Every structure is written in C-alpha cells, then in structure tokens.
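Chains as they are written, first to last, in the UniProt record's numbering: chain U, 1 to 428; chain P, 1 to 206.
Honestly, the hints are just simulated from the structure, not real lab data. On a predicted model such as this, the values are computed, not experimentally measured, just so you know. One or more of the hints may lead you astray.
What the hints assert, rightly or not - Derived list of chain P stretches under chain U, where covered just means 3 residues or more per stretch with a C-beta under 8 Å from a C-beta of chain U:
(1) 7-20
(2) 38-50
(3) 76-88
(4) 93-102
(5) 124-130
For every residue, glycine included, the Cβ atom is placed at its ideal position computed from N, Cα and C.
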Amino acid sequence: MKLVGIAGTVEEVSYNKKLLQFMANHFSSQVDIDILPIEGIPMFDQDNDQTETQAVQYLNRKIKAADGVIIATPEHNHTITAALKSVIEWLSYRVHPFEDKPVMIVGASYYDQGSSRAQLNLRQILEAPGVNAVVMPGNEFLLANVKEAFDANGNLKDGKTVDFLATTLLKFTKFVKVINTMNDVPVQTDGAAEEEDLMAQHPVKTTVKDVDMEADDWVEQAAKKTNAVDGDTYVKLDRGLLTVNQLNYFLNTVPLELTYADDNNQFIYYNRGQAKGKMLAPRKPGQTGDPLQKVHPDRAVRGVKKVIHALRTGTDYVMTPVPGWTADKAIIHYYKAMHDENGNYAGVNESVFDVMPVVKWYLKKSGQLLMPDPNAKTDAGASASVDDSASAGGSDTGASASVDNDSASTPAPAPDMSADAGAGASES
Amino acid sequence: MSKEMKKFVALVGTNTKDATNRKLLQFMKQHFAGQADIELMEITGLPMFDKPQDMHVPDRAQAMAKEIDAADGVIISTPEYDHAVPAILMNAIEWLSFGIHPFADKPVMIIGASFGSLGTSRAQEHLRQMMDAPEVHARIMPSSEYLVGQSLKIFDDEGKLNDTEKVAQLEALFADFQQFVNISKELWHSTQVDKELLDNRNNIKA
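With the rest of the complex left out, here is chain P:
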C-alpha cells in the first residue's frame, strides 16, 4: 500500500450469510485495490441497543469505533427490509452514536443491492436521514445514489459486476468519493459546537 492510498471501512449492512451487499463491497475492495485500501466490517455481535442507564458501550462497538476513527471514510452497503434499513444496521448505528461518535465528520458513501429491481432506493434515503442525525453527524456524499437491482444476476462466478454501465458508474462515484474525503476536511466549524451540545445532553465527559 502506497502512502497516499486512503483507507476505508466498508460496513456490510446485513447479517445474512449470502448477502449480495457483502458481495458488492468485496467487489469494490478487489476492483479498487490499486487506488484505496478497503476493509470490510461486519455488524454482527452487538447486543440489542437498550440505551443502558450506565452508558456502557460494549467492547465490540468500541473496537468498531476505533477502526472507523482510523479510516478516511466509510462505505455502507445496505439491503432494504420493509422500505427501510435492516434492524441490524440500525442497531450498529445506535451503538456507534451512544456516547461515542466515530461517524462525526466522517465522509460516508452509501450504496445498496437488492434482489428486486428497486435496488434499495427507500432504505438508502432512510440511511441518509439516520447518518444525518446530530448524534451521528456523518458527512454523507450528496447526489451519489448508487442502486444495484436484480443483484442475484449481476455478479459473475468470480464476484465481478457483470454490468459495464454499473461498473463505470461505481468507478466515477468512487473517484468522487475520494475527492469528497479531501473536501470534507474543510468542514469542521459546526463539529465542536454540536459535540458540546451532545455531551451536555448525554452528560458525558468528552
């Protein structure tokens, strides 16, 4: 890995073993290996978020937060369940915004794959709304919808996307995302103010 290569965490938005959203991220990791270092992160192994009174954050969430902290940006691939983000991904984001704020000002790219033809359009909107909440405070790349429909048919035996238009679109988006990471570094003015507000709310020591 060269020094200039950016490091990304790729969050697999599902706990399903044969998920095409995982395949999509694996394809990105492989396809962009010369440009960036993409590491997949699973969201399993967290308890159901119950907003504990003692504000204790599980070790697993702490470890995830640490990896996200160290990354230049996060790519999230989400399925769609009932017109929305799956509970398991919502749960991970709840833990990762509970007294800890690894997503704060972190550039985020949202993608998604579905078996049907809609390609997780509603779930992606939902995820944007969540990542935009003050406790999460991510920097979501705007105007970058990437929907993969019919996802059971779109990968070849080697896990490559077999649709050249989709590949070209992804390449362009990922180039933009790397640029977006650079630009986002300039957006920091509201961060401190928001952080203090949140800490006051949660009564947490910064």
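For reference, chain U alone in the conformation it holds in the complex:
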C-alpha cells in the first residue's frame, strides 16, 4: 500500500516530522510511506495563483497517486499551522487531490495536549467541500510531551505507544481499502430508481382518464374526451400565438426527434416529422399514449428507470450516446427534465439527434479538422454495452445510460461535448 505522509509544519526541527519518519521506518514492511515536505509552498493568495508551480503540482500529483494520506500536525494557538493550512488551501482551489482520499491524522506536541484541538480542527478543514477528504473516524493518536518520547535513534521509547500506533495504522490500512473500494464502484441508485413506475399507474392532473393508454387510437380517443382543439384554432403560447396546424408545421421541422413523456411516465407526444424508416429512434403512431414500459424492450427498462429517476430527483439533463458512432454518424439522446411554474417535475423532454452533420459543417466553415486526442480516456459512451438502454419513448436504440458520467445537475455548466465525442468520432 502506497501512502504519503505530510508533517504539517515548516519548522526546521519538528517532532511531527520525527513521528512520521519513525512510522515510515518502523512499519516499512506493511506500508510504503513517502514523506512529502511542504517547505517552499507559498502563502495562499487568490490574486496570485500558484497552482501550476512545480511545488504545488508535485504535492498534487503525489497525493492523487497515493492510496491514502497520513498528516502529522502540531498545534499552534489551538489549531493547525498556517503553513499546513496554506497547503490545503492551494490543494482545494484549482486542484483537488484530497477528493475522496482516505486520511489519517496523528499529532505530537511539547505539552500535555498532544495536538488535540489542532486534530479536531484539521478534521473540520479536511471535510470542507473543496477538500472533501475521507478522514478515518475515531482512532485519535495524540503524542504528548514529545521531548521525552524519542530515543537517540529516533524511535519511540514507550512500547505501549508503539503498539497503539501499530493498531491505529493497521486499522487505517483497512480503512484505505474500504474507502478506495467504495470509490471504484459507481454509486448504486438502482434501489430508489426501481420505484419508478413505467406502467404509468399514477395519474397526474393532466392524465386523460378512462382512455386505454395502449390503444392504437389513443390520440383520437383522448382528443375527443378532452375536446382538444385542432386545425386552424389558435393556441396561446409562451411566447406567441399559433394555430394548431402552424404548431405542427413548426414542431415537425425542428431538426430533432422530440418526445414528451409526462411525470406519470406516459409517452404522450412525438413530432412525426420524418418518415418512419428515416428516424434515428423509430416510433410508431400507435405507440403514442403508451406507458413507457410498453415502448421499451425489457432489457432497457432498468436504464430508463435510472434516467427518469435522476431527472425527477434534480438532475438537470442526461446525455447518452447511441452505440455505433462513426466518422459520419454520432447519435445522441438528450433527456432534459421539465418543470412547471412552481418547480415541480413535469416529465422528460427527450431529443434525439445526429451531431456529425453539424460538426462537419462547422469544421468546413471554420477550416478545421477533427483530430483524435492522444490524452483522451476512452469514453465509455462510444463503445457502451447495450444492456442499459434508456431511450425514453424510443423503441430499440439501446443507448447506454451511465447517469453518473453523462449528467450534470444545475447549476453546473454545460458539459464539454467535444470531449465526449472525441473517442469515436475522429475524422482523420
């Protein structure tokens, strides 16, 4: 197990450095502790960003690459040193190497307290959102009266103290394994997502009652039931006034395949602009009105539930690629949560589109070429397995639904689409 150790001080002579050194030597058969000096890290200054300097980047890389971190902190004025705080500030500003990193805190002091207040304070700091470390709970190791604690060879004199430190470190190695296992496994939201009712059995205010959802003429029946307007009747919109005919001309020529699934998971609209054979995500007229479960193959249901659950619980949008991207075709499903004026979830606005015609047009107009990014990590999307199909309202497109990777919740900025497309869409 590879750990890094940080002594939270820039003092020339420090018992906390000594403590870390002792740990590195004494426990070298169990863990590999690489001690990182923090001398040379400047005082944090927002107006003079030093994140890119070698000194800060060195710490950033070392901590990122380590399985866990041990921090030995002195106590100055009931708290940690400014030197250590400054390091943490740099490492929580533009870079975040402590994110999800297991951390163990130890500390040594000249007098009785053994850095007790500083350790508590350090926990509080490491748990701040920009730092987001995972500090091992309990297992406080306080070394008091340090001047008497070490022998001439830098070894802790008291056998019981060494035993206690060994036990604490052993627990930490287990803690590191648990936390890093947890980090490797995507958060399982299936439990809650399973509750999504894709059979649309929970009518909402707008649900048309007493009409068979699965009837091929659901649209006609439901229109009659609600006295729906059509033809040249005007409807008032935000923002404008169109006849129903005009609205259809308009929606049917939007260069996207649009689908409306309401908050009862009923598929109630798509823009039938294209002849069926040309559709990227084929729909049939008779499907309109169906519960979402009826328009998806069984293997897709789990993925659909995940996407809808994410949108219903606050995720702003989810993007999924349709497998089979080439230099000429890269189809994307874009699911956007809809909300009413009061912010209540109102269903999914799904659009399906092929980005490549636009990308190619842009490249041609701007005189650029698409190049493979040599540093790109292969995006799961482009070669995704089809188990998780999640095209809400679509029939059989088999898009993967990695909600964790492809979603962003408000107010996060829009994702970098080029990064997603790069893997499977180079034109070289």
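Put chain P on the given structure of chain U with help from the hints.
Here is chain P on its own, set in the frame of chain U:
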C-alpha cells in the same frame, strides 16, 4: 479626534485585493468616524511562520504588534476558506503570539463576510478558538456573532451596507464593544500568571 474617542485596529483577514471583508471594515471606519478612530491593518508582508529557533520576530510583525499595543481594541474581519480562517490570517496570529503578545488582554471583536449565505460562521468559531489560546490571550467579546452573507450584493457603490437591519445590528454591537473595552480593563488577574508561564515555556526574557 476628541480625547475620549477610542482607537481601534481593524485587521483585514485576507490578502485578496477585492475582498468584501476589507470593504466591511472600511464601512465601519467611515460609519463610526464620529465615535471612534478605526485604522485598517493589512496582514500581508510576513514570511511563513516557521518557529525559528533563534526566536527572531520579523520587523513587520514587531511594527504590527506596536500598533495593536497602542490600540484600545482590535476588530478582525475574517473570510472563510475550507470551513476555517485563511492561512494568511493564521500566519499573522502565529507571528503575533511568538515571544510577543500584543493581543494579551486586548478586547477583540470578530466579524466576517462571505459570498455565500453562511457569512463565515465556521471561520469565526475557529478564530475565537485561536484568539483564546494562552499565547494569544485576547479578550474576545462574547455573544457577538456578526455574519455578513451574500457580501457581493450587500454594499452600494459608495461602499455602504445597503441592508438596514445589518447596519442596526452592527451599530449595536459596536456600542457594546466600546463598553466591553471598558469592562475588560478590570480583567487582569490571570494575565501576569499566564505571562510568566509562557515566558518560562519560551525561555524569553519578559
């Protein structure tokens, strides 16, 4: 300045140029100009505290200590970084409690401003804990939390606080603080004992 006016040092707890904590102190200086003499003090220009073996305190810290010594009290406005006081302010307090003790028995009022809505609540608790350490030994005014959230929106073009409730709260706190300065003069019994203890620890000549 009339003879009765008290003199305060206002410590700007950040090195950021456009800090709203500096604006808050500038507002106090201006707003209370008829009642007290408030001088802003920056905390930049100090080296990283490294607890030098020779106990040498930089000139800049000595100069700051002298001004604080001469003041009736200190107002500190702190931002919050990672749930705590910024390193730069911690560093200043470390130097100002290393063989020199300008804060000892000095009345201190703590305020803070943040861009978000929490108004530096955690940093202020942290700062109280630090100012309470034996080497610092400040007299922090109790029960006087003053949190300014959404600080980017709270100042008008002339640097005035545009929230009348916040102004009224600050006026009351500052009136209390001036009274607290008077009361604190009576609290001196532990000072000598603590000072001797510290001097023994640090092996410093008093």
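Structure-based check of each hint:
no.	hint	in the structure
1	7-20	holds (count 3)
2	38-50	holds (count 3)
3	76-88	holds (count 8)
4	93-102	holds (count 3)
5	124-130	holds (count 3)
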